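K.L.:
Take a look at the letters that make up each chain.
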Amino acid sequence: MQRFTELVVFSVLLAGLYATMAYGLGLIYGVLRVVNLNHGGVIMAGAYLGWLLHEKFGIDPYLSIPVVMAVSFVLGIAIYRGLVRHLPRGPAGGVQSLLLLFGVWLVLRNAAYLLFTGNDQTIRTEYSTRSIAAFGVALSVNRVAVFSIAVLSLIALHLFLTRTFTGKAIRAVAQNADSCTLVGVDVERIYSLTFGIGTALAGLAGVLGATLFSFNPSYGSGDLLKAFVIVVLGGLGSVVGTAAAALILALVEGFAIYWLPAYLTGAVGFVILVLVLVVRPGGLFGQRVLG
Amino acid sequence: MKLLPHWVSRPALAGLVVAVAVGAVLPKVLGLSVYSQNQVTETFLFVAAALAWNWMGGYLGQVSFGHSAMFGLGGFISARVLLALHLPFWMAWVVGGLTAAAYALVWGHPTLRLRGPYFSIATIGVGEATRLVMTYWEDLTGGSSGLSLPITQGLKSELYWWALALMALVMASSYALRKSTFGLGLLAIKSDVDAAADVGISPTLMQDIVLLLSGFTVGVCGAFYASYQNFIEPGDMFGFDRSISFVLMAVIGGVGTIIGPALGAVVFVMLRQYLIGSYPQLYLGIYGLLLIVVILFEPLGMMGLFFRVARRFGLMRPELEATLEAKAAVGGAAADPGAREGSAP
Amino acid sequence: MTPTRRTLLTAAALAASAAILPAGPARAAKDTIKIGATLPLTGAEARIGGFYKEGYEYAFEQQNNKGGVKVSDKTMKVELQLLDDTSTQATAVSLADRLINSDKVDFLLGTYATNLVEAQSAAAEQNQMLYVNGGGAASAIYKRGYKWVFGLLAPVELLADSMMKWVDEQQKAGKLPKPAKIALLWENTSHGKDFRKGVSEFAKKSGGGYQVVVDESFELNGKDFSALLGKVKAADADLFLADAHLPDYITMHRQYVTSGMCHKMASYGARGSEKQAAEALGKKNVEYVLSAVWWSPLLAEKSKLDKEFVDGFKAKHKRDPEWYQALGYETARALFVAIEQAGALDKTKVREKLAAMKIPSILPGGELTFPAEFGQQSHAPFVVQQNQPDGSAPIIAPADSATGKGIAPNPNCGK
Chain A
6 MQRFTELVVF SVLLAGLYAT MAYGLGLIYG VLRVVNLNHG GVIMAGAYLG WLLHEKFGID
66 PYLSIPVVMA VSFVLGIAIY RGLVRHLPRG PAGGVQSLLL LFGVWLVLRN AAYLLFTGND
126 QTIRTEYSTR SIAAFGVALS VNRVAVFSIA VLSLIALHLF LTRTFTGKAI RAVAQNADSC
186 TLVGVDVERI YSLTFGIGTA LAGLAGVLGA TLFSFNPSYG SGDLLKAFVI VVLGGLGSVV
246 GTAAAALILA LVEGFAIYWL PAYLTGAVGF VILVLVLVVR PGGLFGQRVL G
Chain B
-13 MKLLPHWVSR PALAGLVVAV AVGAVLPKVL GLSVYSQNQV TETFLFVAAA LAWNWMGGYL
47 GQVSFGHSAM FGLGGFISAR VLLALHLPFW MAWVVGGLTA AAYALVWGHP TLRLRGPYFS
107 IATIGVGEAT RLVMTYWEDL TGGSSGLSLP ITQGLKSELY WWALALMALV MASSYALRKS
167 TFGLGLLAIK SDVDAAADVG ISPTLMQDIV LLLSGFTVGV CGAFYASYQN FIEPGDMFGF
227 DRSISFVLMA VIGGVGTIIG PALGAVVFVM LRQYLIGSYP QLYLGIYGLL LIVVILFEPL
287 GMMGLFFRVA RRFGLMRPEL EATLEAKAAV GGAAADPGAR EGSAP
Chain C
593 MTPTRRTLLT AAALAASAAI LPAGPARAAK DTIKIGATLP LTGAEARIGG FYKEGYEYAF
653 EQQNNKGGVK VSDKTMKVEL QLLDDTSTQA TAVSLADRLI NSDKVDFLLG TYATNLVEAQ
713 SAAAEQNQML YVNGGGAASA IYKRGYKWVF GLLAPVELLA DSMMKWVDEQ QKAGKLPKPA
773 KIALLWENTS HGKDFRKGVS EFAKKSGGGY QVVVDESFEL NGKDFSALLG KVKAADADLF
833 LADAHLPDYI TMHRQYVTSG MCHKMASYGA RGSEKQAAEA LGKKNVEYVL SAVWWSPLLA
893 EKSKLDKEFV DGFKAKHKRD PEWYQALGYE TARALFVAIE QAGALDKTKV REKLAAMKIP
953 SILPGGELTF PAEFGQQSHA PFVVQQNQPD GSAPIIAPAD SATGKGIAPN PNCGK
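Line by line, the protein sequences are chains A, B and C.
If you read the first sequence in the working numbering, its first letter stands for residue 6, the second for the next number, and so on.
If you read the second sequence in the working numbering, its first letter stands for residue -13, the second for the next number, and so on.
If you read the third sequence in the working numbering, its first letter stands for residue 593, the second for the next number, and so on.
Isolated chain A (complex conformation):
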């Protein structure tokens, strides 16, 4: 029973991080119909930035979040304005943008190699190995912090998208960009902004991940795939959907250890991804991805 509770609690905590990883990807796809294959690269960049700020200036990684997000936001806008904007929208642009952003990811990986070498890095703070007792389980301080921040940011994002004018404009553009132009929304600006926000969320996920795990320039590819699973499972544009999907993925991965060798639990996410895409491409919350 103890083990069961532990697994549930750990999975829930991890789901927070997963949801943050997925949301940026889903937002960009939902609004621009662009699959940001550079998502993993930005996650990695966020991790390194947080680490760098901690190493050089002693800034606690959680406190460096605003900086990391700001930098990622600017990076996102730059990538959009400089590169993505020039591609055709819609189904034709789909695979082209995929390849383009993939190229950007390769460049980012190489840049990280040159700057920081391929060695694995960790962020160590004095509370890295401390734990809090809750639900009869010893919880790592870091995991609780990551979960809390993840939940707060998702709530903030949800409020932004539903309560502010810009947020509503973003959702409107996701539904029908042409109509938005007709009512005077600057669609290009919205695209820029969305790409920036999506990238900022990836940066956030990177910093949060860096407090939990060690990382190197290849960090982010596994997270990217998990993010895909969640986006496809949870549908697009729905914070609730993303959160639910993240939770499902985390729980399935965690409990898979009861009937799969631990090594193969890593494959669970991929299998879910392919199955969901094939069986119910609209995800659990409905959204056409065929045609």
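It should be emphasised that the hints constitute simulated quantities derived from the structure, not laboratory data.
Please note that a few of the clues may not be correct.
[What the hints assert, rightly or not] The calculated EDC-like cross-link candidates involving lysine to aspartate or glutamate, where the alpha carbons are at most 20 Å apart (straight line), are:
| # | chain 1 | residue 1 | chain 2 | residue 2 |
| --- | --- | --- | --- | --- |
| 1 | C | 875 | A | 60 |
| 2 | C | 939 | C | 623 |
| 3 | C | 789 | B | 124 |
| 4 | A | 61 | C | 871 |
| 5 | C | 867 | A | 60 |
| 6 | C | 875 | A | 131 |
| 7 | C | 867 | A | 131 |
| 8 | C | 945 | C | 959 |
| 9 | C | 735 | B | 124 |
| 10 | C | 876 | A | 131 |
Note that the structure is predicted; figures quoted are calculated from it, not measured.
Assemble chains B and C onto chain A, guided by the hints.
P.N.:
What follows is chains B and C alone, placed relative to chain A:
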């Protein structure tokens, strides 16, 4: 010549013969060292693999990031067959290729219903899941320790000729797949699946055929690689980096064109040659930059550049220009350079 | 452009590509011994590759300072031709091919990392080129019946075995329960598999002294081990034996500590005493962790040969060598000795000398041999170390190299 189908043009045939002849005399004429000859063997192999990838990524327009699954499966099955049955190696390659083809069909048939980026994402999932499972499946792949094949003296130089033959075969098939009636059907599917179905082309059947062919060929390439290297292991054979290399070769060379991927493969090997010597740490970044440049400025990659030059010098025939418009780099007809500005989703 | 032109273009491109490839060079007069090697100087293994480079270069420097290698009546300098294989298999093989067939080196020294060595040694064997390596530990490399491949790195099964022997002594002395339950976690690589084999076989042969209650592999650079560690916790084992590379060690042990686990004995295979780990995890959390490694600078306390090496290296680099530099150094030195013994550069003669070699060595046990029964892989013993509260990590086994006493069970696990 009545022996050949009507769509085979004389110049193309001549071109193929010349290419094979050049490949055959290359070692003697240039006085290549054993090392250089091996490099050319590898180039031939990658040309074949890139062309086979292109049948799906370029002709069909479905970009796969998971082709290493077939490459690896072909390699390991062939190696196991060689270790257990002592068949002539080319037979083992065929067995490997057939297994890879079957596997491609298993995961490809259901996922090919997906369009564009979603298919590509699914292939990443397939590729990685395959890698994990295969690394775990020790009885087949030897797990992370990999498999070693017994060493046969003189095999590597013999493999040069096999690689040349493989490449020639794949080039011919590439030409056939594009120019034949079958190829026209593929173009139709790529442009508009529903319209193609309306005129009686069966997209599912044709997709499955391409899947099988592509999977078989890439599987044979993997099997060749196993015989060539004498040692293979799942991390390398099934790795994401390997899948990416196929994509890079085809896209940089000219995805969707008949021999673009061949050029891309040659550039890939040349670049790697140059980079290992001088700037090994810039490997990834340079490919990334090339990819970005190609997608933004010349979706047809190197072939696109040649076409531009040819057009400038009036070397293009009018009907070729027309097909170029229809021949999109990726993503169907709407990727036509003329229709670039602001098309809404 | 017509199809003919297109195909001609391809042919031309192929020809051009071949043209930039090097053709065979002319043979110069012979007064240096050219020894080729590749190492992962960039890429995933760059950190350790760099250390091996230090070892190789130090050996070459030392030898040339002595005048060189005595080849019957001549003394020839040794020259190292080192290329970067970027931690990739294909590159390692390709570069080996180049060194052998294009640069025409006399001998090859190996690279680092089992999968690279396994692939590269096949290329060497195919070309019948002598290949002496200190970077590939998997016994699978040496079970292929190759004649030209020699390895200084003892197999990881022996690592597990050495550690279990010490644990066994503690059990016999009553300090650990009998039977003792083992939770065995191993990264799914050649290294991890061999570690697992070593532990399982020892447990099997112990006749009931040890029970493996958890036996799970995990992916290299896995991130979240909570489910796996949960399983370990539930199994209530006495000994926690894991085999992981440094990043996984840090991530896993952090999660281990946070979850409040503490076993009577814990080990992460060859990891444990790294300073980087102590920094990343906190000194208190790595106390009493066991590790076994191919060589330690602490061997200098009991062995003159080791002291000479350590002092010399320290004088040059201002820090202690670790097992990477030591193995690199010893690998090169073994080749030099073999050449001198053979009195010729003829690879068959040198090969014979290596096969029959029995020389004093800095390796634990003090002797270097390449036993034919093990496929020409050295089986020198491992040094077992344990992190002590004062920050040191003395050698606790084998007895003749020991510089301290190990403590079992872990006193921090008091309930």
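K.L.:
Give a verdict on every hint.
P.N.:
Against the structure, the hints:
1. C:875 to A:60: Given pair residue 875 (chain C), residue 60 (chain A) holds - Cα atoms ~19 Å apart, limit 20 Å.
2. C:939 to C:623: Roughly 17 Å between the alpha carbons, so the hint for residue 939 (chain C) and residue 623 (chain C) holds.
3. C:789 to B:124: holds (14 Å)
4. A:61 to C:871: holds (16 Å)
5. C:867 to A:60: OK: residue 867 (chain C) and residue 60 (chain A) at ~17 Å, within 20 Å.
6. C:875 to A:131: With a Cα-Cα distance of about 12 Å, the restraint between residue 875 (chain C) and residue 131 (chain A) holds, given a limit of 20 Å.
7. C:867 to A:131: holds (17 Å)
8. C:945 to C:959: holds (15 Å)
9. C:735 to B:124: This hinted pair holds, its Cα atoms lying about 17 Å apart.
10. C:876 to A:131: holds (12 Å)
The earlier numbered hints are all upheld by this structure, with none contradicted.
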